[in-house]
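Sequence order for the protein chains is A and W. With the numbering used here, letter number 67 in the first sequence gets 71, and the count goes up by one each step, no holes. With the numbering used here, letter number 135 in the second sequence gets 154, and the count goes up by one each step, no holes.
Just so you know, these hints were derived from the structure itself, not from any lab. From the three backbone atoms N, C-alpha and C, an ideal C-beta is built for every residue, glycine too. One or more hints might be untrue.
To be verified - Partner residues aside, some chain W positions facing chain A, computed with beta carbon under 10 Å: (1) Arg94; (2) Asp95; (3) Gln96; (4) Asp97; (5) Val100; (6) Ile129; (7) Ile136; (8) Ala148.
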Amino acid sequence: MIVVYGCGQMGSQLVQELVTRGEAVTMVDSDRMALEELSKHFEGHLVQGSGTDEGVLRMAGIEQAECFIAVSFDLNSNIMAAQIAKHLFGVRRVIARIEHPELASMYRAMGIEVVSPTLQAAKHVGAMIARVS
Amino acid sequence: MFILVIGGGKVGYHLVRTLLSEGHEVAVIEKDAQVCESIADQFGGMVIHGDGTVPRLLREAGAVRADVVVAVAGRDQDNLVVCQIAKHLHGVRRTVARINDPRNDRLFAILGVDARISVTSLVAQLIDAEISPAPGLAPP
């Protein structure tokens with residue numbers, strides 16, 4: 005079972021991908037409109053509330069989760085949510101979206117897996133341009 | 020002591036005033052330009068405009084030589100990140116965080132924030148003490 009926090013473009017794509025692969029997924033976000041939009045093409049569970057709230061995460065089933073993924077646009081909330089999952093609930097795999105390189109390596113050293121989609125995309129486009137010119 | 024304060028809102032403002040009056044050296048990081056200006060006008064000294072959860076900014080504010088870093092911004096997640104950067108990237112010995120949601124105290128303690136101040140709990144305790152004063156403290 006996987007809990008995902010962050011119902012933006014990235015989170016929405018991600019949960020649909022995970023469901024297609026047969027995973028049980030719960031999406032957590034405080035934005036009711038975003039959850040409603042997702043519900044049109046998503047069959048997993050939805051929980052409305054803050055991803056940095058222990059009670060909300062418990063409702064989302066974090067105690068049974070093998071994996072927690074924080075990919076909201078609020079990067080410091082991702083960092084806090086990931087550490088709640090890891091240290092208060094003992095979730096085995098914790099992944100957080102962190103876009104600042106120094107913070108990414110700091111939290112990696114603390115046992116959190118980090119994704120930096122915006123940073124990666126910027127590097128990728130930079131490399132594309134370098135190849136063209 | 021050199022004390023680095025992150026967040027120049029109501030709590031930060033009065034904290035800076037108190038610390039300066041006690042003779043401490045103080046630097047403030049605040050994300051609102053107007054608030055920065057008013058603090059600089061009032062107290063002079065080092066006020067840095069920007070996001071205190073950016074490691075570079077904390078470095079520029081002198082985090083490496085800070086005796087204490089105090090995070091008193093409005094959001095708990097920001098205060099947590101500030102304290103963790105201070106401790107892990109800049110080797111600050113003592114970190115203090117304001118906590119808005121008292122339930123976050125345990126998490127912050129586990130994550131190494133040395134002192135946590137919950138304004139909500141403090142106010143609740145003070146009000147409770149006023150409503151039902153302890154026997155020894157009751158007025159004659």
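Right, here's what the structure says about each hint:
Taken as an interface hint, Arg94/W checks out: its beta carbon lies about 7 Å from the nearest beta carbon of chain A, inside 10 Å. Interface hint at Asp95/W: satisfied, since its Cβ lies 7 Å from the closest Cβ of chain A, which is below the 10 Å cut-off. Interface hint at Gln96/W: satisfied, since its Cβ lies 4 Å from the closest Cβ of chain A, which is below the 10 Å cut-off. Against a cut-off of 10 Å between C-beta atoms, the interface hint on Asp97/W holds, since the closest Cβ of chain A lies about 5 Å away.
For Val100/W, the suggested interface contact is upheld, since its CB lies about 5 Å from the closest CB of chain A, less than 10 Å. For the restraint placing Ile129/W at the interface with chain A, the shortest Cβ-Cβ distance is roughly 5 Å, inside the 10 Å limit, so the hint holds. Interface hint status for Ile136/W: violated, as the beta-carbon distance to the closest one in chain A is roughly 17 Å, over 10 Å. Taking 10 Å as the C-beta cut-off, the interface hint given for Ala148/W is violated, the closest approach to chain A being about 28 Å.
Checked against the numbered hints above, the structure violates hints 7 and 8; every other hint is satisfied.
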